[in-house]
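Model the full structure from these sequences, guided by the hints.
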Amino acid sequence: MKSLFWKEWRENLRWALIGLVVISAAMAYTLRTDPNDYYGSNREIWQGLQSGQFLMVTVFGFPVIGLALGFLQILTELRRDQWAFLIHRPVTRNEIFWGKAIPGSLLYLVATGLPLLATAWWLSQPGHLAAPFDIRQILPGAVDLLVGLGFYFAALLSGILPGPWYGRRALPLVGACFGTAAAKLPEFPLAIEGVTLTVLVLLLAAWAAYQRFGLFRGQPWWGKAAALLSCLFGLSVLSGWFWVGWNIVQPTKPYTSTNYGFLKSGEVVVITSQANWYKSVVTLDGKEVQPVNKASFDWQDFLNGAYLSIRDYPNYDYYRSPRSYFDFMYVYGGPYSWFYVQKEKRYVAYDRINKLLSGYMGPGGFATPADETKAGHFDKPENTRAWSDSIIIANNGAYVANFMAQTVKNIYPPAPGETITSASQLYPDNGSSEGPKNYVVATPKNLVLLPEGKPSLQIPEVPNIRDYQLIQVYQLPGGAKYILLYSPQNPKKTQNLLREISSNGVVISQRELPNIKEEKAGISFTAWTRGALDPLGARLWGQALLGVNGNTMSKPLWRLAPETRAYQLKFWYASLAASIVCFVLVQIPLRRIQFSGQRIRWSIFVFLFGVGGLLTFYIVQNWPRRVACASCQKKRSTERETCEHCGSSWPAPTRDGTEIFEESQA
Amino acid sequence: MALLFEVHTGSPSPIYEQIETQIRRAVAAGRLSIGEQLPSVRTLAEQLTVNPNTVARAYAELTTEGVIESQQGRGFFVAKRRQTLSEEERLRRLDEAGRRFLDDTVFLDFPLPELLRRLEDLSTEYTKPPNHNP
Amino acid sequence: MSEYVIETQGLTRYFGRHCVVNELNLRVSRGSIFGFLGRNGAGKSTTIRMLLGMIEPTRGSARMLGRDSRELTPDDRARIGYLPEGHHVYGWMTVEECGKFQSEFYPKWNDEVFRAVLSHFRLDMKNKAGNLSRGQRAGLCLALVLAPEPELLILDDPALGLDPVARRSLIQSMLYVTRRADRTILFSSHLLSDVERVADEICVLDRGVLRASCHLDTFRRQVRQFLLRYDGEGPALPDLPGLLESFRTEGELSIIVANLDSDGEARLRALPVRSIEEVPLSLEDAFVSYVGERGEKSFFTKDLEGVK
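Chains as they are written, first to last, in the numbering used here: chain H, 1 to 666; chain Y, 667 to 800; chain C, 801 to 1108.
For the record, the hints were derived by calculation from the structure and aren't laboratory data. Any given hint might turn out to be false.
Anything over 10 Å on all C-beta distances counts as not near chain H; from chain C, calculated [said to hold, decoys possible]: (1) Ser-802; (2) Asn-910; (3) Val-913; (4) Ala-916; (5) Ser-919; (6) Arg-922; (7) Gly-961; (8) Val-965; (9) Gly-1032; (10) Glu-1065; (11) Asp-1085.
Derived DSS-like pairs (lysine-lysine); straight-line CA-CA distance at most 25 Å [to be verified]: (12) H/Lys-445 x H/Lys-493; (13) H/Lys-2 x C/Lys-908; (14) H/Lys-374 x H/Lys-355; (15) H/Lys-445 x H/Lys-380; (16) H/Lys-445 x H/Lys-481; (17) H/Lys-492 x H/Lys-555; (18) H/Lys-380 x H/Lys-437; (19) H/Lys-343 x H/Lys-380; (20) H/Lys-7 x C/Lys-900; (21) H/Lys-481 x H/Lys-264; (22) C/Lys-926 x H/Lys-7; (23) H/Lys-2 x C/Lys-928; (24) H/Lys-409 x H/Lys-374; (25) H/Lys-437 x H/Lys-454; (26) H/Lys-409 x H/Lys-437; (27) H/Lys-343 x H/Lys-374; (28) C/Lys-928 x H/Lys-7; (29) H/Lys-481 x H/Lys-437; (30) H/Lys-2 x C/Lys-900; (31) H/Lys-264 x H/Lys-279; (32) H/Lys-7 x C/Lys-908; (33) C/Lys-926 x H/Lys-2; (34) H/Lys-570 x H/Lys-555; (35) H/Lys-355 x H/Lys-343.
Ideal placement from N, C-alpha and C gives every residue a C-beta, glycine not left out.
Next comes the structure, spelled out in structure tokens:
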């Protein structure tokens, strides 16, 4: 076996090295710094190992390397006599497979893992990138590395399968794309589980295929299961691609949305907008409002407000995004690139020219690295982002940062026991960012308006504040009054709330606005079809996965709201219907004698996996050739000694009197 | 042994027959004398690059005919000439050989006495074997 | 030890609807040099691949050294040598590395044999295998397959592409292998001169069907050619079951027939012709007529008179 390792390694090392060079060059190219991009916002290079361009190399380049190595290893060896030279040896089939797979995997890791690690090391060194570095940023690349390994095994499998290219052989390659899709799942545990499953399935399917050189029957049970799964994965990816294509081909229905808005006078109107233009503006009485002195409305005709989100949103970490670890502050000017780093709980400055970490900014202000304790840390919960407008909400205040002046100001130290729910800047309505800096802060009990240079205004909150999720705050031009619009969490339970506040903080009026009815479209035929094609087995598996992994954006059925659950269950019924139909259909071929003893297993499989299961059933079988029986004329399998209909055996080849056999031979 | 045999593949005559013929001719012409040892089966097979079974068969036929004899443990030797064939067989073979000769020569248009005279001359090339027992 | 090293029972293989090997019942005895003959596309290579477990039969079975060919263990494979047609080696290895690579798989590797065959073909250890000529590569492959001293040696058209000197060396190596009585060789070949030299037994595969399996001498004895000379029109062809081929020209009819029994020969000699003569047949001519097209062919000079 060692000599097999040596042979495979020597034979394929040059390909791996070529791959290494290509990947390294691609990675270096995507992370090149642009001398014209002073602010570092072009191409988002600050994202480092997680930048979009870099991840293109890992998402596409790694699978290509995996495929290339796999195919080069197996296809070049498959010419008949070359293959015979390898196979006819005192080695087991396992040794032949692992003799290829182990060196091949190592070579793959050399070609892809070394550049990834080298890039990570390079980025971690100070002075190379004007941005923070977190070792967890390597996770997307690492997951993509694993995905590429799946493609490697898919290539080994595809190479050994018999038959034409467009059939069973292409499916594992498509199935490997299942890993690519799984890698895109937001939560790291889900992604790694999905990718690991894909790679494992492809590895087992390849290993088992080498036991029988591509024949399905005779493989160990785990090999058959893996072959079936790899087919299912492939079919599911194909259907996914189909639906993407289908959607592209569909004529686009423009997306319209209807919301409350405010004219410059403060009058509330119902605005229906489609794409980027205002389709209709209607007063509460239903009167159509026309634009004055122009053809159509634009955004300047309405009040622009601040959005205060007062509901607790769970923090989902999208492992592929750097925003799980730090945020880029879009600051135009000054010598530094600014970031809010969650681990640090403060701002960090990097010099744009020499790319070194140059300072920290926290509640205590700005400090150089030597003096960093002076800056302090924001008193915030772990791993929370700086959400908007350079306002940091901490336990001891709402801080506003001025990056040009390198100062931090606490605009609202809370009262003892008071927490700050949300804070935002109230921009002046003339559309510029010049002028007084007005802020608004929300606490559970009050809404606090902080106009610059004027005393703060505390407006007591409504008692059922917990029923709302968003407060929109508008200021009339000239500051005559403030308008507050509250959006409810559960539109069925609560209405919108409109409050008008005078310029000295007195509540002028308060009334409810009816919720704008959303047109609930029926479920289209396309949606039904898609629902039916998703097999029961996949749905069950998905539920199990969501149940096991606690905090995910998608929720398992039992955690959904009743209406949502009822809606989802409709698709489950479609799947069930498809499963029953396929179950019935598969009984026809299952009557054949080659399936005796397997009927129940296959029936259950096809029931669970519906249309995909039925197709997989057809694809993986080795269908024996059937020719007409000499006695009963019905088609009989060439693999059986006796005809399954009439029991006759095969006729001996005709003799014509020229046969020469000796006693011992005849 | 300076005697060299050769075989030709693709001939109507099987290889064992060619070996037999050459040995017979060599014995008849005196190139192999009575009591002389023949190469072992294996040696001759290797020399001619043929299957040893072929040589073995040739030797076996010649032994049956009495041209050669096998001595236990020592190998094959040219036998004292004995006629082991029946009169019928001897005549049959003579007729066969005669027909072959006539086939080859009839188109040369020699009168029969001329043919016989040439035969007599040629036979002097074959040394008369001593101790010929009819 | 059983008598047969290779035994097949109803061995059949389909490619699509086409039956390439049809109910093959073949037996190869231990110790024989067995020639596997047939035209191109007759199914020889497919049969050999089934014997070695490289492809699965559609039906039927084959046993090699007593074991089903689908279940050959590594130990079985150590006792079976296989030289496929293409004389393939890994081009990037040197001759020495090839030997080292191969020897690590076989416990019974005999390095002397390896070197002897190499020197016989005048191969240099340091040469890269990819730079060797066809004949040298054949020599290398032969060395690699002979060094483990296999009990059963299977050669698929080993002389393909070899010059006469290399072919001769090949035959010598084959004969060398069978010095020991328990060693067997199965080889397929189109070069009947080689077959004539070394084969004990042969079999003939014709369109997937085994039509002959016997000693080489038996085959030659059973296929006979007769020349009939006549005046005038000449007789109609006699109804002989084993008639392979006949050729009629002016005044002459030559027929090649297999398995002519005394009854048939009597009928032949009773035909109204001027003379009947048996003409000895070379192995190649016998084989060509055996597997060639049946029926009567004719050539009349008066047909050509009109041709300018």
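Going through the hints against the structure:
At roughly 13 Å, the least C-beta separation between C/Ser-802 and chain H is larger than 10 Å, which holds for a residue marked as non-interface. Under the 10 Å C-beta cut-off, the non-interface status given to C/Asn-910 relative to chain H holds; the minimum distance is some 15 Å. The Cβ of C/Val-913 sits about 17 Å from the closest Cβ of chain H, beyond the 10 Å cut-off, so the non-interface label holds. The beta carbon of C/Ala-916 is kept farther than 10 Å from every beta carbon of chain H, the shortest such distance being approximately 22 Å.
The non-interface label for C/Ser-919 is consistent with chain H: the shortest C-beta to C-beta separation is roughly 23 Å, beyond 10 Å. With 10 Å as the threshold on Cβ separation, the claim that C/Arg-922 sits away from chain H holds: the shortest Cβ distance comes to roughly 23 Å. Distance to chain H confirms C/Gly-961 as a non-interface residue, since its nearest Cβ pair spans about 13 Å, more than 10 Å. Residue placement check: C/Val-965 keeps its beta carbon more than 10 Å from all beta carbons of chain H (closest about 23 Å).
Residue-level check passed: C/Gly-1032 sits 30 Å from the nearest beta carbon of chain H, beyond 10 Å. A cut-off of 10 Å between C-beta atoms confirms that C/Glu-1065 is not in contact with chain H; the least separation is 15 Å. With a cut of 10 Å on Cβ distances, C/Asp-1085 stays outside the contact zone with chain H, its closest approach being about 15 Å. Distance restraint check for H/Lys-445 and H/Lys-493: the Cα-Cα separation of roughly 21 Å lies within the 25 Å cut-off, and the hinted pair is therefore satisfied.
A distance of roughly 18 Å separates the Cα atoms of H/Lys-2 and C/Lys-908; the hinted pair therefore holds under the 25 Å criterion. Between H/Lys-374 and H/Lys-355 the alpha-carbon distance is near 22 Å, which keeps this suggested pair within the 25 Å criterion. Pair hint H/Lys-445 plus H/Lys-380 holds up; C-alpha atoms about 20 Å apart against a cutoff of 25 Å. Proposed proximity of H/Lys-445 and H/Lys-481 is supported: the alpha carbons are some 21 Å apart, at most 25 Å.
For the given pair, H/Lys-492 sits about 21 Å from H/Lys-555 by alpha-carbon distance, which is consistent with the 25 Å threshold. A threshold of 25 Å between alpha carbons decides the hint, and for H/Lys-380 with H/Lys-437 the separation of about 24 Å falls inside it, so the pair holds. For the hint linking H/Lys-343 to H/Lys-380, the alpha-carbon distance of about 11 Å falls within 25 Å, and the restraint holds. Between H/Lys-7 and C/Lys-900 the CA atoms are separated by roughly 11 Å; this keeps the pair inside 25 Å, and the hint holds.
Only pairs whose Cα atoms come within 25 Å are accepted, and H/Lys-481 paired with H/Lys-264 is accepted, the gap being roughly 12 Å. Proximity of C/Lys-926 to H/Lys-7 is assessed by CA-CA distance (about 17 Å); at most 25 Å being required, the pair is judged to hold. A hinted pair counts as satisfied when its Cα atoms are at most 25 Å apart, and H/Lys-2 with C/Lys-928 qualifies at roughly 22 Å. The hinted pair formed by H/Lys-409 and H/Lys-374 meets the criterion: a straight-line CA distance of about 15 Å does not exceed 25 Å.
For the given pair, H/Lys-437 sits about 11 Å from H/Lys-454 by alpha-carbon distance, which is consistent with the 25 Å threshold. A threshold of 25 Å between alpha carbons decides the hint, and for H/Lys-409 with H/Lys-437 the separation of about 12 Å falls inside it, so the pair holds. Using a Cα cut-off of 25 Å, the hinted pair H/Lys-343 and H/Lys-374 holds, with the two alpha carbons roughly 17 Å apart. Proposed proximity of C/Lys-928 and H/Lys-7 is supported: the alpha carbons are some 15 Å apart, at most 25 Å.
For the given pair, H/Lys-481 sits about 17 Å from H/Lys-437 by alpha-carbon distance, which is consistent with the 25 Å threshold. For a cut-off of 25 Å, the pair hint linking H/Lys-2 to C/Lys-900 stands: about 12 Å separates their Cα positions. For the proposed pair H/Lys-264 and H/Lys-279, the alpha carbon gap of about 18 Å is at most 25 Å, so the pair holds. For the hint pairing H/Lys-7 with C/Lys-908, the CA-to-CA distance comes to about 21 Å; that is within 25 Å, so the pair holds.
In summary, the hint linking C/Lys-926 to H/Lys-2 is supported, as the alpha carbons are separated by about 22 Å, within the 25 Å threshold. Of the pairs offered as hints, the one joining H/Lys-570 and H/Lys-555 holds, with about 17 Å between alpha carbons and a cut-off of 25 Å not exceeded. Proposed proximity of H/Lys-355 and H/Lys-343 is supported: the alpha carbons are some 20 Å apart, at most 25 Å.
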